[in-house]
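The listed protein sequences derive, respectively, from chains F and D.
Heads up, the first sequence is in my numbering, so the first residue is 1 and it goes up one at a time.
Heads up, the second sequence is in my numbering, so the first residue is 1001 and it goes up one at a time.
Derived from the structure by calculation, the hints contain no laboratory data.
Please note that the accuracy of each hint is not assured.
[What the hints assert, rightly or not] Some residues of chain F that are not near chain D, with every Cβ distance over 10 angstroms (derived): (1) Thr33; (2) Pro110; (3) Ala176; (4) His266; (5) Ala292; (6) Val353; (7) Pro367; (8) Leu418.
[Stated by the list, open to error] Which residues of chain F face chain D? A partial, calculated answer using Cβ under 7 angstroms: (9) Ser164; (10) Glu228; (11) Thr270; (12) Leu272; (13) Ala274; (14) Ser276; (15) Ala277; (16) Val278; (17) Glu280; (18) Val281; (19) Arg311; (20) Ala327; (21) Asn330.
[Said to hold, decoys possible] Derived Cβ-Cβ restraints for the label pairs, each shown as a range: (22) Ala415/F x Arg1209/D: 58 to 64 angstroms; (23) Val264/F x Val1085/D: 18 to 24 angstroms; (24) Gly325/F x Glu1092/D: 41 to 47 angstroms; (25) Leu346/F x His1023/D: 43 to 49 angstroms; (26) His1147/D x Ser288/F: 55 to 61 angstroms; (27) Asp1206/D x Val264/F: 47 to 53 angstroms; (28) Gly453/F x Arg1117/D: 38 to 44 angstroms; (29) Pro1208/D x Arg474/F: 53 to 59 angstroms; (30) Leu392/F x Ala1110/D: 30 to 36 angstroms.
These numbers were taken from a predicted model, which means no experiment stands behind them.
Just so you know, even glycine gets a beta-carbon here, dropped at the ideal spot from N, CA and C.
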Amino acid sequence: MIHPSLVRGLRAQLVLVFLLVSVLSAVIAATITFRQGRTAIVARAQADALQDLRAHLASRTPDLPADPTETDLRTLALQLDRAAGIRGWRTALSYRGGPLIATGAQPPLPAQLRTQAATSTTALAQRFHRGQVPWLAVALPVTAAARPQGPPPLVVYASFSLASQQQDVDTLAAAARAGALPVALVAIVPALLAARRLLRPVRRLRTAAERMAGGSLDTRVRVTGNDELADLGRTFNTMAATLQSDAAALRDMEARARRFAADVSHELRTPLAAMSAVTEVIDADATSGRLAPLTAEALQLVSDETRKLSRLVEDLIEVSRFDAGVAVLNVDEVDVGELIGKTLALRHWRDRVRTDVAPGLRARLDPRRVDVILANLVGNALRHGGTAVSVLVQVRADTEQIAVTVSDDGPGIPADLLPHVFDRFTKGDAARTRTDGSGLGLAIATENARLHGGTLTATNAPRGGTILTLTLPRHPP
Amino acid sequence: MTRVLVIEDDPAVRRGVSVGLRHRGHETVLVATGEDGLAELVASAPEVVLLDLMLPGMSGLETCRRIRAFSQVPIVILSARDDDVDIVVGLEAGADDYVIKPASTEVIEARMRAVLRRTTPPASSDQTRTTHGDLLIDRVALRALKHGTQLALAPTELKLLLFLSAAPEQTFSRQQLLEQVWEHTFYGDYRLVDACVMRLRAKIEDDPRNPRYIQTVRGFGYRFGPL
């Protein structure tokens, strides 16, 4: 199973990025709008104020004497203050750089503006804050008609609150803010849609990969469109097709190899059937003493080898049946002690093998296959343990499984051979490659144990000798 | 000495089996095809038939069915085929036993003798004629009658019926039946027992799928009755 969180993670990331982009653009748009609006509002207020002031001044300055007295100036200031209207500016006059003359309290003026205005010939304006409220101060130099050059003799200062404009700006900002949030929320919908659209092929690929991993190599993904994901899908399909054909070729070869082994074994049976039927006749003649000793020995050899060959072919056929997967379990409830007793009695091993089995122990198993396993384990112990070997078969059972151990006091299995003892054609001693066994016995025993859902293990006892353990579940599959 | 009819197409096997059996003192009649086998069965009246399954022309299975149609002679199949389905099909065709090639003459003879012994009456039976429902079992004449009609039972089927009906309502495991009826002393094929019970039911039961005489005791084996 591929992590489902990967897809969820990708979707979350896609939606998040989409949201970020949309929020960012909304905020930037709102900020720019806000700043432009604010500048326009303030500039407009400034221009209006200056225009008004100029108009009032233009209508009043002709009445002013060439060298006005302080009273003249105060009167002018008063007149200007009265003409303020809704803007409510307050004015102050400065004649020839003299002190500010105002009607009431002096209007607040930034010092910088006064310095600049002393030498300026054009109107100046400066925004400043007084308390929390923004103010605008303007300085309007009035040049005398007789002397247009030189510093202006009279400077009119006016300052007024921009509170109402600030209110407009605040409203603007609130509107921008209020607009950005719904935009961001609405952006989730296309973000989800886009993520879904993008991730659908990814999900299809994941499902297909999972199915392939599960063994169905005929899985293909439907490829739509012409983008990078479609390319990936096409590559996936190519890979799946290659894998499928390779697997089919391999399976085919394997099946042919198995069929060959099975066919060869079956074909060997017919000539062996003829030979096996006459081994007895040969044995009788060879031991009768009527033949020349050399002929008798040759006949004995033929007879023995025929029997070995028969057993080998039987084992090969059994192995090929396991390989083909056609071996089936015929489970029956049997008495385990009785089964072991029969296995030993049938092969005349009763007096060579000791048993330790609780009487009345019953289990569900395939008696024919367990007989094969036991015969192989005990036979192996007797064969490789030497002539004086003592073999013990023990059975231990709990509610889940039955463990049958076959232990001997022989020389044990060489350490380098131990991991391969259940492999096919593993022979105990390289010098004695032709033993009685076919070399398939323990491999067949392992397959039989596996068919029961059990295991077969081999260890060397610490005091010497070999312990072969067969573990079978009480309730086979 | 037993007269054995060997139906086998492979000349080497035919000769080998013949040599082995003659060495043990039996008389053999050898034929290569099923058609010849049927003819020879009528002509020489053998006591037991050894039958190969893979024959040219008429197959071994077909030969087995044809023999069973008119004769109760014991049939032992001798075949290189050992798949479960082959064994079951062979036994269902009416054979009494199934020996897988290659087998030594000793084994072949043991199986032959076991089949032949099935035609001799069980020593322990004190009753000679017993009636079970619609069945009448005659242990002296070695026959079974249903509604007064004699049933055509193969030797193994008859032996199984005699054995089970000798101890009504007693359950025998398949292993016990294998040892008593087939005289196998090893862990043989339970399929032998199952296939034979199936054939016997087809002949004696009114409804073989709902058996009355030979009942299955799940997990244990088979039992005759209770009726």
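Checked hints:
1. Thr33: Per Cβ check, Thr33/F is outside 10 angstroms of chain D; nearest 87 angstroms; holds.
2. Pro110: holds (109 angstroms)
3. Ala176: Fine: 84 angstroms to the nearest Cβ keeps Ala176/F off the interface.
4. His266: At roughly 6 angstroms from the nearest Cβ of chain D, His266/F sits no farther out than 10 angstroms, so the non-interface label is violated.
5. Ala292: holds (21 angstroms)
6. Val353: Check passes; 17 angstroms lies beyond 10 angstroms.
7. Pro367: violated (5 angstroms)
8. Leu418: holds (30 angstroms)
9. Ser164: At 101 angstroms from the nearest chain D Cβ, Ser164/F fails the 7 angstroms test, so the hint is violated.
10. Glu228: violated (54 angstroms)
11. Thr270: With Cβ-Cβ at 5 angstroms, under 7 angstroms, it holds.
12. Leu272: holds (4 angstroms)
13. Ala274: holds (3 angstroms)
14. Ser276: Hint on Ser276/F: holds, closest Cβ of chain D at ~4 angstroms, below 7 angstroms.
15. Ala277: Holds - the Cβ of Ala277/F comes within 7 angstroms of chain D, reaching about 4 angstroms at its closest.
16. Val278: holds (5 angstroms)
17. Glu280: holds (5 angstroms)
18. Val281: holds (5 angstroms)
19. Arg311: Nearest chain D Cβ about 10 angstroms off; hint violated.
20. Ala327: violated (9 angstroms)
21. Asn330: Since chain D brings a Cβ to about 6 angstroms from Asn330/F, closer than 7 angstroms, the hint holds.
22. Ala415/F x Arg1209/D: 58 to 64 angstroms: holds (59 angstroms)
23. Val264/F x Val1085/D: 18 to 24 angstroms: Check passed, 21 angstroms falls within 18 to 24 angstroms.
24. Gly325/F x Glu1092/D: 41 to 47 angstroms: For Glu1092/D against Gly325/F, whose Cβ atoms are near 25 angstroms apart, the range 41 to 47 angstroms is violated.
25. Leu346/F x His1023/D: 43 to 49 angstroms: violated (25 angstroms)
26. His1147/D x Ser288/F: 55 to 61 angstroms: holds (59 angstroms)
27. Asp1206/D x Val264/F: 47 to 53 angstroms: holds (49 angstroms)
28. Gly453/F x Arg1117/D: 38 to 44 angstroms: Holds, since Gly453/F and Arg1117/D (Cβ atoms, about 39 angstroms apart) stay within the stated range.
29. Pro1208/D x Arg474/F: 53 to 59 angstroms: violated (34 angstroms)
30. Leu392/F x Ala1110/D: 30 to 36 angstroms: holds (32 angstroms)
Consistency with the previously given hints fails for numbers 4, 7, 9, 10, 19, 20, 24, 25 and 29, ordered from lowest to highest.
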